[in-house]
Amino acid sequence: MKKVIEINNLNTEFGEKQILKDVSIDVRENEVLVILGGSGCGKTTLLKHIIGLHLPVSGSIKIFEQEIIGMDEGEFDNTLKKMGVLFQNGALLNSLSIRENVAIPIRQHTDLSEEIVQRLVRTKLHLVDLDEAIDMSPSQLSGGMRKRAALARAIALDPVLLFCDEPTAGLDPVTSAAIDGLIKKLNVQLNMTVVVITHELASIHRIADRVVFLDDGKVLFFGKFEDARNSKISQINNFFQKGIF
Amino acid sequence: MEYKNKILFLENELTKFTVPNLQEKFTKLKVSELEFLDLSNISSIDSAGVAFLDALRLKFEKFSPQIVNVSKEIEVSILTFSSVKIKQSELYEPPRFLEKLGGWLIQFLNDFKQFFLITADTFYWAIVGIFSKKGQRKGEFISQSILIGVNALPIIALVSFLIGFILALQSAEQLRQVGANIFVADLIAIAMTREMAPIMTAIILAGRSGSAIASEIATMKISEEIDALKTMALNPIKYVVLPKLYAITLCTPLLNIFSIVVGISGGFLIGITYLKLSPTAFINEVANIIAIRDIVTSLIKSFVFAWLILLVGIFFGFRAKGGAEGVGKATTSAVVASIFMVIVADSILGLIFY
Chain A
1 MKKVIEINNL NTEFGEKQIL KDVSIDVREN EVLVILGGSG CGKTTLLKHI IGLHLPVSGS
61 IKIFEQEIIG MDEGEFDNTL KKMGVLFQNG ALLNSLSIRE NVAIPIRQHT DLSEEIVQRL
121 VRTKLHLVDL DEAIDMSPSQ LSGGMRKRAA LARAIALDPV LLFCDEPTAG LDPVTSAAID
181 GLIKKLNVQL NMTVVVITHE LASIHRIADR VVFLDDGKVL FFGKFEDARN SKISQINNFF
241 QKGIF
Chain B
1 MEYKNKILFL ENELTKFTVP NLQEKFTKLK VSELEFLDLS NISSIDSAGV AFLDALRLKF
61 EKFSPQIVNV SKEIEVSILT FSSVKIKQSE LYEPPRFLEK LGGWLIQFLN DFKQFFLITA
121 DTFYWAIVGI FSKKGQRKGE FISQSILIGV NALPIIALVS FLIGFILALQ SAEQLRQVGA
181 NIFVADLIAI AMTREMAPIM TAIILAGRSG SAIASEIATM KISEEIDALK TMALNPIKYV
241 VLPKLYAITL CTPLLNIFSI VVGISGGFLI GITYLKLSPT AFINEVANII AIRDIVTSLI
301 KSFVFAWLIL LVGIFFGFRA KGGAEGVGKA TTSAVVASIF MVIVADSILG LIFY
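Read top to bottom, the protein sequences are chains A and B. Using my numbering, you'd call the opening residue of the first sequence number 1 and step up by one each time. Using my numbering, you'd call the opening residue of the second sequence number 1 and step up by one each time.
Only chain B is shown next, with the shape it has when bound in the complex (with noise of 0.2 Å):
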């Protein structure tokens, strides 16, 4: 590279690997005036090469520097990879913080909307579902009950254990001071009934089944198989739907029953092995402990947990769009989402019933 009376010779190779190299160069040379380009000893160029003609081109516009002594060759390249023409498009600016937050909010409210839209569907169906078959699928409440409730009876059975069983354990210690050790029983009747139950089996449906609803859902939608089904003259809700919905209400109340016997059980083990209680005095405990009202309640809990878990998992995978990454943020959203909103819930649900 030489520079001479406002001329720059370039010679070799002009490629993407020289490129770098030369820009550097040039800097170093820091021209001010530049009208010609002599290129009579460049042996190839590249789109890297013709890209750093066009940045100097551009750099000295006001003495619009011609290309001289170039060879056939070279300048099919250059007018093949010129950029000098191209209309620039403006560069992509990132939204201000301001309009991302109103961004955000106009999301929101609109998201609001849709969800409450599509839980008053969803429960509008639910009703005339039961007595109009017509567009649902047969068998699929069956088999739907046994993804959601039967499949997800061992690891509901082994987390309520190890619940109740820690409960008591880290209880015993405390209760053995003042010389109340019966009371650990009334303390795991309680707690597994009235809180650990129906959150413990809450948060295992939202990682199992609102996870596989919502990607499947969302698959669902990609693929335009929601399409179809409409075209077909079929709701959505009313067939993919309503079956999981009636599988979920079925199911959760009594995995919730399930996980607050098997959570007994665990600290009625440390009851009778830790604590050194009789079976008989802790059975007839717990027994007088609890009362319908915390039965009802632990049920209206696992109620509602259950329609959330459905409903969130419903909705992300209906707003899913986009390709396959789609289906994948979907299931992460509702997953995240329904475990939020349960706690929420169960919050809310706790002051009401405290």
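Here chain A stands alone, though its shape is the one from the complex (with noise of 0.2 Å):
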């Protein structure tokens, strides 16, 4: 199968404190790789250098079979438009509606006329269920809301790789399943590859095709959620029985 990511051997410090010790992934494409790990980890880390926010100290990261350590801004722009990125608190822009939200890529990145561009914005909104919210601005919405409308925009684009981090995190189980849903739904049908952070344990045996264990910086468990479910590994037994009672 074709690997959309491949990370090798990525290291990390913060000052004197090593973040990611060693870390070798990859991505393959069409699955959805959960990331999963306690908190401090380094699993936000380890997303904000696949999506170029960061640089490593050492390793070397491949999207599209192209390096991106080192590579000159507009070409990483490239590669930036064909993923999509949901952040942990949405980073919807406050002084925009919802509407011009999910319309800046969608505006900046290509010459579609207003008519569609409309389109697509309902569109979008449609899928994530906040066809109402059209017109308020960020700071009118609950945090649920306002996650979903960053998932709008974050697929605004049709991206080929969905980046979430942490995206029911904090939402009532409702929603939650709805979102879980909706990414397994863009995953299987429109063949998005989607890479998630999260660590709700209902929304990884939703969507999980393979796991990534994070554990102090170093990847204690890598492969099929079936088989870390099984796993005899201390850390991630306890992750998965802690959350059944």
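The set of hints was computed from the structure by calculation and includes no laboratory data. Where hints are given, some of them may not hold.
With a cut-off of at most 27 Å between alpha-carbon atoms, the simulated DSSO-like pairs for lysine-lysine come out as follows [as the list claims (entries may be wrong)]:
(1) A:K185 / A:K3
(2) A:K2 / A:K48
(3) A:K185 / A:K232
(4) A:K185 / B:K85
(5) B:K6 / A:K3
(6) B:K85 / A:K184
(7) A:K224 / A:K82
(8) B:K6 / B:K28
(9) A:K17 / A:K2
(10) B:K133 / B:K30
(11) B:K72 / B:K59
(12) A:K218 / A:K21
(13) B:K72 / A:K185
(14) B:K30 / B:K62
(15) A:K2 / A:K62
(16) A:K2 / B:K72
(17) A:K62 / A:K17
(18) B:K85 / B:K72
(19) A:K48 / A:K218
(20) B:K72 / A:K184
(21) A:K82 / B:K72
Relying on the hints, combine the two individually framed chains into one complex.
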């Protein structure tokens, strides 16, 4: 199977503290890869390396078979245009309405006519079930709605590769299930490759094909989700047992 | 793209990159009737492509165009992204001029009411707070006095000195022509005491402390700290505002006096160097011309300005809403409004004490 992302021997440190130690993983085409692990284990840092926000100390990251470390900015922009990122707190632009937020990437990166742009915005908001909120401003929305609006913006340009940083954290179970359902739908029906950071067990059950388990910056487990559940490693066992009561 | 017998044939890619081109081509075809959209040669489609098809379907609604010869894969995309069935929300229409005017007026009256209420509240607690220390943070008065008063000393000294210096320099040339050199002392003393010192102090305080007060309270409001205080049975005005009120009430007159002294010494420098006056003559002239009345006027002005800055600051702070951008807006509005109100109040007081 084709590898969309290939990460080899990635190391990062913030000051004295080493955040990621020798991380080597890959993401295959058309799978949902879930990055797991306790708080502060380096999940978000790993994601920030992949989307080019942080430079690692050493190692290599290949996206669509191109090395992104040291790539010049214009070239990397082209890679970015094929990716969508959903940030932890949504990261919507507060000064713009939801409609304008979703329209940003469409307007900036395509020459589509206004009619098509509006249609696209409405379609994407309909997919995340936010039809009514279209003319509200981000500060008027609840946390869950903001996350869904941010997801609509992340998929505005039909990315090949979607990153979600805790898409369901802090949401009610019904909304969580809906977002997971949408991620799975994008993955299965539209062949999107999805990388999700989460520690919601229910979400992992619903969407994961393969999982990476990070512990203190090291990859403790990398493989099929079913194998992770039956793993004998105590931390992983703990992680899956604690959530079931 | 080909058009034959009310059928539109589309081929290759139907994506966000090809749609703008296709739309252009379609307009050139000048199609008037459309019953079928043939997608047999489409290799890939994305949401923009689907939106294009939807737009076509809606444009030729009366012929109810059918999508035909579509592969399974493409059909899934069309079903997922189709916007035909989504209820079209009405386009947002910006309010007309009169509507806006009415909105502003209502907003203004409402704001005025709120400002009045918060002023009344603050003065009530200011008097009650003198007698009951309960519900006030200990040591806050001192630290606020340092923030508002002591830390403002250098900048007020610099600005006042320069103002006195420039005033003296500008008038010296004119006075010398009529041989009235000594009157530069009168001019500086009266101008600094009655006008320049209170207003310069107030403007610097509005920029330094008014903005700090507004942004602090706005941040507390937005992060629900004000609500948290209320649920702990603490009055936010008593807990947050009172120390600032006492501090600004004590510090502003002191800064004002300081500013007068430094401003006159700026004029003194010009007097003894450029106009070659004797230091004693200059000091005597200043002491003779300044009446108690001038100093009292100056102090009244500085009290009024201090309270205006504080009240405007807390008013905009408590009014803040939304996210982090609300704090920025509150701070900007507070600084602009307090400088404006200080100048208006200065004119009114100037008329009264003329």
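Cross-check of the supplied hints:
{"no.": "1", "hint": "A:K185 / A:K3", "result": "holds (21 Å)"}
{"no.": "2", "hint": "A:K2 / A:K48", "result": "holds (23 Å)"}
{"no.": "3", "hint": "A:K185 / A:K232", "result": "violated (32 Å)"}
{"no.": "4", "hint": "A:K185 / B:K85", "result": "holds (19 Å)"}
{"no.": "5", "hint": "B:K6 / A:K3", "result": "violated (44 Å)"}
{"no.": "6", "hint": "B:K85 / A:K184", "result": "holds (23 Å)"}
{"no.": "7", "hint": "A:K224 / A:K82", "result": "holds (26 Å)"}
{"no.": "8", "hint": "B:K6 / B:K28", "result": "holds (16 Å)"}
{"no.": "9", "hint": "A:K17 / A:K2", "result": "violated (34 Å)"}
{"no.": "10", "hint": "B:K133 / B:K30", "result": "violated (82 Å)"}
{"no.": "11", "hint": "B:K72 / B:K59", "result": "holds (25 Å)"}
{"no.": "12", "hint": "A:K218 / A:K21", "result": "holds (5 Å)"}
{"no.": "13", "hint": "B:K72 / A:K185", "result": "holds (16 Å)"}
{"no.": "14", "hint": "B:K30 / B:K62", "result": "holds (17 Å)"}
{"no.": "15", "hint": "A:K2 / A:K62", "result": "holds (12 Å)"}
{"no.": "16", "hint": "A:K2 / B:K72", "result": "holds (23 Å)"}
{"no.": "17", "hint": "A:K62 / A:K17", "result": "holds (25 Å)"}
{"no.": "18", "hint": "B:K85 / B:K72", "result": "holds (20 Å)"}
{"no.": "19", "hint": "A:K48 / A:K218", "result": "holds (16 Å)"}
{"no.": "20", "hint": "B:K72 / A:K184", "result": "holds (19 Å)"}
{"no.": "21", "hint": "A:K82 / B:K72", "result": "holds (24 Å)"}
Hints 3, 5, 9 and 10 from the earlier list are contradicted by this structure; the remaining hints agree with it.
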